[in-house]
Structures are given as C-alpha cells and as structure tokens.
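S.K.: Based on these hints, arrange chain B on the given structure of chain A.
Number of protein chains: 2
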Amino acid sequence: MRDFSRDHRWLSLNTATVRKQGDLTAIVEACARHGIRAIDPWRDQVAAVGLERAVRAVKDAGLELSGYCRGGMFTADAAHRIEARDDNRRAVDEAKALGAPCIVLVVGGLPQYSRPGSAVTKDIAAARTQVHDGVAEMLDYARRAKLPLAIEPLHPAYAADRACVNTTRQALDICDALDPARTGAIGVALDVYHIWWDPELMGQIARAGKDRLLAFHVCDWLVPTKDILNDRGMMGDGVIDIRSVRSAVEAQGFAGYSEIEIFSNDWWGRPMDEVLQTCIERHRTAV
Amino acid sequence: MRDFSRDHRWLSLNTATVRKQGDLTAIVEACARHGIRAIDPWRDQVAAVGLERAVRAVKDAGLELSGYCRGGMFTADAAHRIEARDDNRRAVDEAKALGAPCIVLVVGGLPQYSRPGSAVTKDIAAARTQVHDGVAEMLDYARRAKLPLAIEPLHPAYAADRACVNTTRQALDICDALDPARTGAIGVALDVYHIWWDPELMGQIARAGKDRLLAFHVCDWLVPTKDILNDRGMMGDGVIDIRSVRSAVEAQGFAGYSEIEIFSNDWWGRPMDEVLQTCIERHRTAV
Numbered sequence: 044m045r046d047f048s049r050d051h052r053w054l055s056l057n058t059a060t061v062r063k064q065g066d067l068t069a070i071v072e073a074c075a076r077h078g079i080r081a082i083d084p085w086r087d088q089v090a091a092v093g094l095e096r097a098v099r100a101v102k103d104a105g106l107e108l109s110g111y112c113r114g115g116m117f118t119a120d121a122a123h124r125i126e127a128r129d130d131n132r133r134a135v136d137e138a139k140a141l142g143a144p145c146i147v148l149v150v151g152g153l154p155q156y157s158r159p160g161s162a163v164t165k166d167i168a169a170a171r172t173q174v175h176d177g178v179a180e181m182l183d184y185a186r187r188a189k190l191p192l193a194i195e196p197l198h199p200a201y202a203a204d205r206a207c208v209n210t211t212r213q214a215l216d217i218c219d220a221l222d223p224a225r226t227g228a229i230g231v232a233l234d235v236y237h238i239w240w241d242p243e244l245m246g247q248i249a250r251a252g253k254d255r256l257l258a259f260h261v262c263d264w265l266v267p268t269k270d271i272l273n274d275r276g277m278m279g280d281g282v283i284d285i286r287s288v289r290s291a292v293e294a295q296g297f298a299g300y301s302e303i304e305i306f307s308n309d310w311w312g313r314p315m316d317e318v319l320q321t322c323i324e325r326h327r328t329a330v
Numbered sequence: 044m045r046d047f048s049r050d051h052r053w054l055s056l057n058t059a060t061v062r063k064q065g066d067l068t069a070i071v072e073a074c075a076r077h078g079i080r081a082i083d084p085w086r087d088q089v090a091a092v093g094l095e096r097a098v099r100a101v102k103d104a105g106l107e108l109s110g111y112c113r114g115g116m117f118t119a120d121a122a123h124r125i126e127a128r129d130d131n132r133r134a135v136d137e138a139k140a141l142g143a144p145c146i147v148l149v150v151g152g153l154p155q156y157s158r159p160g161s162a163v164t165k166d167i168a169a170a171r172t173q174v175h176d177g178v179a180e181m182l183d184y185a186r187r188a189k190l191p192l193a194i195e196p197l198h199p200a201y202a203a204d205r206a207c208v209n210t211t212r213q214a215l216d217i218c219d220a221l222d223p224a225r226t227g228a229i230g231v232a233l234d235v236y237h238i239w240w241d242p243e244l245m246g247q248i249a250r251a252g253k254d255r256l257l258a259f260h261v262c263d264w265l266v267p268t269k270d271i272l273n274d275r276g277m278m279g280d281g282v283i284d285i286r287s288v289r290s291a292v293e294a295q296g297f298a299g300y301s302e303i304e305i306f307s308n309d310w311w312g313r314p315m316d317e318v319l320q321t322c323i324e325r326h327r328t329a330v
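As you go down the protein sequences, you meet chains A and B in turn.
Taking the working numbering, the leading residue of the first sequence gets 44, the next gets one more, and so forth.
Taking the working numbering, the leading residue of the second sequence gets 44, the next gets one more, and so forth.
Since the hints were made in silico from the structure, they are not lab data.
On a predicted model such as this, the values are computed, not experimentally measured, just so you know.
Accuracy of the hints is not assured; some may be wrong.
Put simply, identical chains are the same to the list, so a pair is met inside one copy or across any two.
Said to hold, decoys possible - Calculated cross-link-like contacts (lysine-lysine; reagent style DSSO-like; alpha-carbon spacing at most 30 Å):
(1) 189 with 253
(2) 253 with 165
(3) 139 with 102
Chain A extracted, bound-state conformation (with noise of 0.2 Å):
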C-alpha cells in the first residue's frame, strides 16, 4: 500500500467539492497553488465555461485527469431513449477532448428520474434492463474513441433517483457480460461513500482486478447524516474505514489517483483555499 503520509501527489479533485466556490478555471487555478496534480471535472462546469477554455486551463495547469464525471443516465422511456444517447456520446467526445482516462458512469434510476418527463414506473428490474442495454450502446461508441467506461455503483439510498446499480458485483456484471475478455475497456469507479457497507466489498474488489479499477473516490459517511444526497463528510469525520479499502484496492494493483468528491452543504460553505488545505491533510491522515 502506498504511503500518503508524505505528500498529496495521489492525490485528485473532483471538481463537484468546491463547485459552488468558483467556476472550473478558479478550481484549477487552486489546484496548481496547492500543488494538486489532477483533477476529475464534471460536465455542467465545462460547459458553464466552455469546452476549449476548460482543455486550455487544464493543459495550461499541467493538470492530469482521473475521470470525466459523468455519463450515464441510461434509465428512461421511449421518447427519450435518443436523448441518452446522444448525451452520453457527447460526453465521451467531451472526455476525450480533455485527455480523460475514463468517464464516470452513473446509470440512473428510474426513468421519470433519470431522464425528466419519461413516464412514471415502479419497475426497477426493467431499468436494470435498460442499463445494461444502455451501456452496451455507449460501449461501442466509447471503444471506437478508446475512452474507458468506469460503472460507479451507487449506494442504495439513491436506487430510485440516481443509480439502480447498487453494489459491487452488479457493476461487474455489467462488466463481465459485455466485456468477458477484460480489455480494460470497462470497469467499476469506487466511492468508499457508496460501498463501505457492503458485506460482499473485500470479494468484489479482488473479483474486480487491476483490469477493472478504473477510479477510486474517497470521502466519509457522516453519524447523523443530515441530508441524503449533500451531508458527505470530509475523510476522518465519519465512520468508513478508508485504508482498509484503499488496501484491498491497492492489493489489486491499482496505482492510480485517490480522488476526494464531496457533495456536502457545510464544506461548499466555506472558502476553496480551506477546503483544498484540508483536503491535503486529510489525504495524508485518514486516507
């Protein structure tokens, strides 16, 4: 396992921690005053400055990617399956532009949600259905582009609005059904935040492989969590137990970014240049 202790060169931002701060230019600006290597952007904030200015600034930085967050949203009726579609495409072509080593896939959940205006249902197993037809679609597009898809399971608390891929091993299944000779063209992005409960975690992550572990994310699940999607906690504050997954993900070979994504009320309150300091610290400590 690596030592952290030392300095933050494994260490990523993904953009969404301070995205409410300043718009992708000021976080990169921050990124190079903190000596932060890479970065994982999301979509709305290159778009709120534009794609060629966003390549710019990171190319200027020197920045590295460790992702391009997100694709997905695969879940949705009829009249908006194009739409998904054609997102996605774009968001491949987006990532490449960067120099993203991957996307981010989040998969949706149902389809009312996933995609705003499908009709309304209950039926979870058909929008399993879709998303792995969906990803089956974007996978071809994205191999042509050479852009790996990394599925993020997401924890079960968002199963109806976000992703109905929930755990671990249904991400690698999606990943062994369509690419059984593990090209390296699909894997699974980790957020301790999704997965830590999991029973089955430690199995899966030795299932998953160095061919598999595209993205690693760390942040904490806070004791009470007071909002559902935005009370994330800075690693240390919580209950996980980072180092023992960052372990079992090291011991597969993985060597990649440590990327810190917090979507938290408290942290977006306060000032980058705080955030990113602590960030550093608790890179060095608690992950």
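M.R.: Structure of chain B alone, referenced to chain A:
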C-alpha cells in the same frame, strides 16, 4: 396472492406509526375502533404503560400480535455485552407475556451507536461477527421460551448506526448457520423499505421460503427522502412496487399479517384516526 382490496383483516399496525399521537392503550383503543386486528408494539411503548397493563389492554381488545419490536443491538464493547445480553432476555420475556409470534431483531451497527458508551470503532466486519455471536446466544434463550427470532435486514443507509445486517442474503446466512434444520426458531422480518432496492431480493425471498418468513412490513420510499430516518412514506406515495414483493413472499407460503410501519415526521403530525383510516385505505389499494 391474497386479495386485500375488500377488507383489512390482514392489516397489522406497528405501533411506532402513531407513537407521537398517544400511548399504547390509546393506540389499542384506536385499533379496536377501526377494526384493526393486530399490532406490533415497541418495547418503549410497552414500558411506558407497564407490561401488565399492556398485556391486559391487548387481551381485552382481542388483538393479535404480528411481532414485538425489538431485540438486538448486539454490537457492544466488552463492558457493554452483558447489558446487551440481559436486555435481549428481557425482550424475550416481554414478548412471551404479550403473546408475540416473534421478536424483530435490529442487530446494531457499530458498537458506539448500538450500545452508547462502547469504544469507538470503524470495524464493521468485527461488528458483523459480534452480531452472529449475539444472535446465537439469544437464540439459546429464545428457543427455551419457544419464541422465534426474526432478523430484520436494514437499509444500508443504517449500516453504521442501526444494523450492519443490510441484505436479506446476510440475514439468511445467519439463519442457515444457526438453524440449518430450519426448525422455525429463527427467520427474517422483511420490510419493503429496507430491501426494495436489492437486485437479489426475489432470489433471496425464494431462498427464505415459508419457514424463514416470519414477518412482512410495508411503507414506501419517498423521492426525495427529506430525513434519512423519519421520512418514510405511506404505501402508494413512493416508488416501491409493494405488490410485487408481497406476491413473492406469499408465493412462498407466507400467510401472515402485512404490518404497516411508518416512521414519519409528517404522519406523526396528523390525528391518529386520520392515519389509521389512511392505512386501511392504502392497505386495500396499494399493498
């Protein structure tokens, strides 16, 4: 599958649903008034009126019980383990006095939340081992009292602070380990709120079979969920396909009560009669 549309003879009320509107005797009276035939009382509500008075109230009203809430909270540091054991033995004695068909077990999360004062830890795997051992110990006592134990898997959102048994598979693994002969001494209490998201749900219900299906609870998952503990929905107001789950449970031979358990700041703020009337309507139309 039973037809619930014509009456509510298979409706049981978990008394937490109206815990803010009156004490246990008031709830028992209201159930009699509304033709509700069964309840599942909570220990704190029983204690508040006294066990003898609770027993008499239930008997005088001619009510059955569909369970007794709750035993468990097995996770504790060494200094709190005897307390946990004795507390659970008292729960068995109370359940016996009340004529409950089973005790619902909420097994506990990390020890510091399950048994406050216990040393702080992030080791959820160790907590799960403690749960296994704690259930085993309680089972010895409960078998002698001929009181079945019903392990309730709780939604992964409660893994830290309430229960580290978070899937039906996990609960059944404990049952199979402790009672391979399927004697009826141990099984599961399945609440749609906790399990609806699980991609393995239907397979695990089939695995459970009639022997292990000791209780069935209903409410609904709201989108958005405003409070992680106390914003459960009235059946029909959320995204859960309740009827599919009930159909699967009944296909295994479950023929007991459909117990309504709603923790909700919203419903706790309404008059008891309105809540019960709505429960009855929704039992007929949405369960």
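S.K.: Using 30 Å as the alpha carbon limit, work out where residue 253 and residue 165 are close: within a copy, between copies, both or neither.
M.R.: between (36 Å within a copy, 26 Å between copies)
S.K.: Between the shortest in-copy and the shortest cross-copy C-alpha distance, which are at most 30 Å for residue 189 and residue 253: within, between, both, or neither?
M.R.: This pair counts as within: shortest intra-copy Cα distance 18 Å, inter-copy 51 Å.
S.K.: Checking an output row: residue 139 and residue 102, CA cutoff 30 Å. Within, between, both or neither?
M.R.: Close inside one copy (13 Å), not across copies (71 Å); limit 30 Å.
Violation of the numbered hints given earlier is absent; every hint is satisfied by the structure.
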